[in-house]
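Listed in order, the protein sequences are those of chains A and B. Residue numbers for the first sequence follow full-length UniProt numbering, so the first one is 1 and each next one is one higher. Residue numbers for the second sequence follow full-length UniProt numbering, so the first one is 1 and each next one is one higher.
Do not take every clue at face value.
Said to hold, decoys possible - Straight-line C-alpha distance at most 25 Å; calculated DSS-like pairs for lysine-lysine:
{"no.": "1", "chain 1": "A", "residue 1": "K139", "chain 2": "B", "residue 2": "K82"}
{"no.": "2", "chain 1": "A", "residue 1": "K177", "chain 2": "A", "residue 2": "K139"}
{"no.": "3", "chain 1": "A", "residue 1": "K177", "chain 2": "B", "residue 2": "K82"}
{"no.": "4", "chain 1": "A", "residue 1": "K139", "chain 2": "B", "residue 2": "K131"}
Hints were generated in silico from the structure; no laboratory data involved.
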Amino acid sequence: MRRVFLPLLGVALTIAGWWLAVIVLEIEDYLVPTPPQVLNTLAERWAVLLEHTWTTAWETIRGFALAIVLGVPFAVLLAGSRIFEQMVYPLLITVNSLPKVAIAPILVVWMGFGAGPKIVMVLLLCFFPIVLATTAGLKSTPAEIVELARSLDAGRLKTFWAFRLPQALPQVFVGLKTAISLAVIGAVIAEFVGADAGLGFIIVQSGASSDTALAFAAMVLLSLLSIVLFYAVQLAERLLVPWASEH
Amino acid sequence: MISIESVDHRFRGRAGEVQALAGIDLTVETGEFLTLVGRSGCGKSTLLRIVAGLLTPTSGRVVIDGEPVRRPRRDVSFMFQKSALLPWRSVLANVLLPAETLRLDQAAARRRAGELLELTGLTGFQKALPKELSGGMQQRVALCRALLSEPRVLLMDEPFSALDALTREELSIELQRIRQEQDTTFVFVTHSIEEAVLLADRVVVMRARPGGIRRIVEVDVPRPRSLGHHAHAGRVTELSAELHELLLPNEAA
Ligand SMILES: Nc1ncnc2c1ncn2[C@@H]1O[C@H](COP(=O)(O)OP(=O)(O)O)[C@@H](O)[C@H]1O
Ligand SMILES: [Mg+2]
């Protein structure tokens, strides 16, 4: 009861505060809309907004999936080979420290206005947390489990599949949850730079026409999208690693 | 038969070299229950891991049934202080793990797993996850797993030391019963004198720095043994006192 009620109360109070501020401070509509205005926009233009939400969601999901497909095997190499690790780890840290926003315009130059640059941007933001967490997970097999595998005559492959990888899964999911929180941001950044669809595109458009209610509606949908995706990853975690949950 | 022949082992650590074992010569007869006792750091685990083939000695060698040990053998099982159960596998799947890695016959392994779980009172818990079991039950599962492949040798490194005294005694008594049904050679490391006297045919008392054998004590108490009142309580007390003295510090002896 409290677990549902208190967060809802928090949201309600924030919205009430926003509304109150708009009225008390006499802020103009075109600067900050009131909650009913945002709701109105959502209700009136839901079909279009939903379409753009789906565009952003689909870009995000593809980028995130690609980050898993590329990141996990990369982490396996990093954890498995000392030489590979020494060779690419410093490079990885350097590349990760680059502001990825700076790459977005170049991606548009290379790949145009379609989904391509958005997917790559999501991939760029998601790749590192997934690689770092998975590598850490694969390297943290307890000593007695490693010795058990050896004493049971398990080969390298069997040791990986039956011992190291399952052991690493809880930490892999730490990385996935960090990544999915960044994923939507990546898609929106890429949409800002050049797009003809998606919630980021809507926000840019509404800025140009001073339709702040529409921009706020898009932001509401963006956060809903982030929350849904985060809980989807959490659900996958519950299903795949039920043994790791406490209680 | 296990023969340990002039085994030395040195670890190269940050603080220089540590001579963990020096000049160990020891023979364990087939079917014997041997316990190794000694204070912490005297090289018991190191010696056991060398016998298991998990560690190669700096010099000397271990021969099991005429064959020098170079790597872990299929007919030697190891049981650790921590249960080392895989937390994502059910009790039954944990016990069946050696069947996968050693490619045992699946049907026979399942039958045997069922028997072992029954023998250790775990029949109702086959589907449970390790985290749902008490520490004593987890060690029972680890014991079943170690016995699944019907090993000729079972090496146990302080397997009960993390358990409370009563559970420990319970498991020791269970282990004696299991032992009567197998023809397995046991090497059992402990720092508990009670456990050593309860279980062993012979107790090897080790000394530290460098790790070596101080004395071998024969436990001539008939089985089954328990720690309660029984006909041989006097002899048990005598042996315990002797071991106690051997284990206390000083080089007076
Ligand atoms: N991997 C290692 N590296 C360096 N020193 C070690 C290592 N393992 C054990 N030692 C040292 O070897 C000695 C014997 O250790 P160990 O066999 O674990 O003793 P025990 O099991 O009797 O407590 C100790 O002094 C310990 O510090
Ligand atoms: Mg030890």
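Verification of the hints:
1. A:K139 to B:K82: The hint holds at about 19 Å.
2. A:K177 to A:K139: Holds, at about 19 Å.
3. A:K177 to B:K82: Not satisfied, since the Cα-Cα distance of roughly 31 Å exceeds 25 Å.
4. A:K139 to B:K131: Between A:K139 and B:K131 the Cα gap is close to 22 Å, so the pair holds against 25 Å.
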